[in-house]
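Asks: If you're matching them up, the sequences are chains A and B in order.
According to our numbering, the first sequence holds residues 1 to 115 in order.
According to our numbering, the second sequence holds residues 116 to 228 in order.
Source of the hints: derived by calculation from the structure; they are not laboratory data.
Note that the Cβ used here is the ideal one computed from N, Cα and C, for glycine as well.
Among these hints, one or two may not hold up.
As the list claims (entries may be wrong) - A few chain B residues facing chain A, derived, Cβ under 10 Å: (1) Tyr150; (2) Gln163; (3) Gly199; (4) Ser201; (5) Leu203; (6) Leu205.
To be verified - Covered stretches of chain A (in silico footprint by chain B; criterion: 3 or more residues with CB under 8 Å from a CB of chain B, positions within the stretch not fixed): (7) 17-29; (8) 101-110.
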Amino acid sequence: AQTVTQSQPEMSVQEAETVTLSCTYDTSESDYYLFWYKQPPSRQMILVIRQEAYKQQNATENRFSVNFQKAAKSFSLKISDSQLGDAAMYFCAYRRWEYGNKLVFGAGTILRVKS
Amino acid sequence: DAGVTQSPTHLIKTRGQQVTLRCSPKSGHDTVSWYQQALGQGPQFIFQYYEEEERQRGNFPDRFSGHQFPNYSSELNVNALLLGDSALYLCASSPNRVYYEQYFGPGTRLTVT
C-alpha cells in the first residue's frame, strides 16, 4: 500500500519570503501522480500543483514550484514571495496512474504567514 | 458553474443514529469520491462511484454505504453512528479517465454526541 509522510506539522514564514514544505512517499509503482492541496479555514480543498511521475521537469504554477526526486521518493513544495492568503493546511497526496484510483493523503502541514 | 456542492454544511447526531450526506458534482463530472477527514488529519478515502456503482472502496466498515443517481449526484450513508465517526466528510468529483482532475466540495461537518 502506498503511504505519504509529511514530517513538518507546522511551518512559519515571513510575508514575501520563501518556504519549503516537505513530503516523502512510499510506492512500488513506476507511474503515478503527486499533488499538493491547500485547505484554508473555509475547508475547501484546492489543488495547488500536480506532478506526473514520468516527467523529469519539476512542475511550476506561478509562485508555487516543486522539487520532485523520484529515486528518493521526495516531493517538496516551494512557495515564493509568500502572501497572507497562503496561510492554510497543505496536504501532499499520491494517486496511482490508473483511472478510478483514490488519493492517498499525508497528515498535512500548517503554514502560518507572518506580516 | 457552481462547482461541487454538499449538504448539509453541519449536522449533529446521536450515537446509534443514521445519517445521509449529499453531494452534487461539478458540471460535466461523472465520478464521485468520498473522503473522511478527522480533525487535524489528512482525508481518508471511503469509496468512489461511477455509473451508479461502487468502483473502489477504502478500509471502512459496511456501516458506510453510498449511492449514485443517474444525474451523477451521490449520497453517503452511515449507520449505527459512533463517536469516532465525527469528522469532516468531503466529496470530490472528476471526469472519468481524466486522471488528475479532481475537485472537492466544502465538506459536511458531522458531530456525533
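Asks: All hints, please: hold or fail.
Replies: Status of the hints after comparison with the structure:
Among the interface hints, the one on tyrosine 150 of chain B holds; its C-beta lies about 8 Å from the nearest C-beta in chain A, closer than the 10 Å criterion. Contact between glutamine 163 of chain B and chain A, as hinted, is supported at the beta carbon level, the nearest pair being about 6 Å apart and thus within 10 Å. Violation of the interface hint for glycine 199 of chain B is found here, the shortest Cβ-Cβ separation to chain A being roughly 17 Å, above the 10 Å cut-off. The interface hint given for serine 201 of chain B is violated, since its Cβ lies 15 Å from the closest Cβ of chain A, which is over the 10 Å cut-off.
For leucine 203 of chain B, the interface hint holds, the least distance from its beta-carbon to any beta-carbon of chain A being 6 Å, beneath 10 Å. Taking 10 Å as the C-beta cut-off, the interface hint given for leucine 205 of chain B holds, the closest approach to chain A being about 6 Å. Here the region 17-29 of chain A counts 0 residues with a CB under 8 Å from a CB of chain B, which misses the bar of 3, and the coverage is violated. Three residues within the 8 Å Cβ limit are the bar, and the region 101-110 of chain A against chain B gives 8, so the coverage statement holds.
The structure shown violates the earlier hints numbered 3, 4 and 7.
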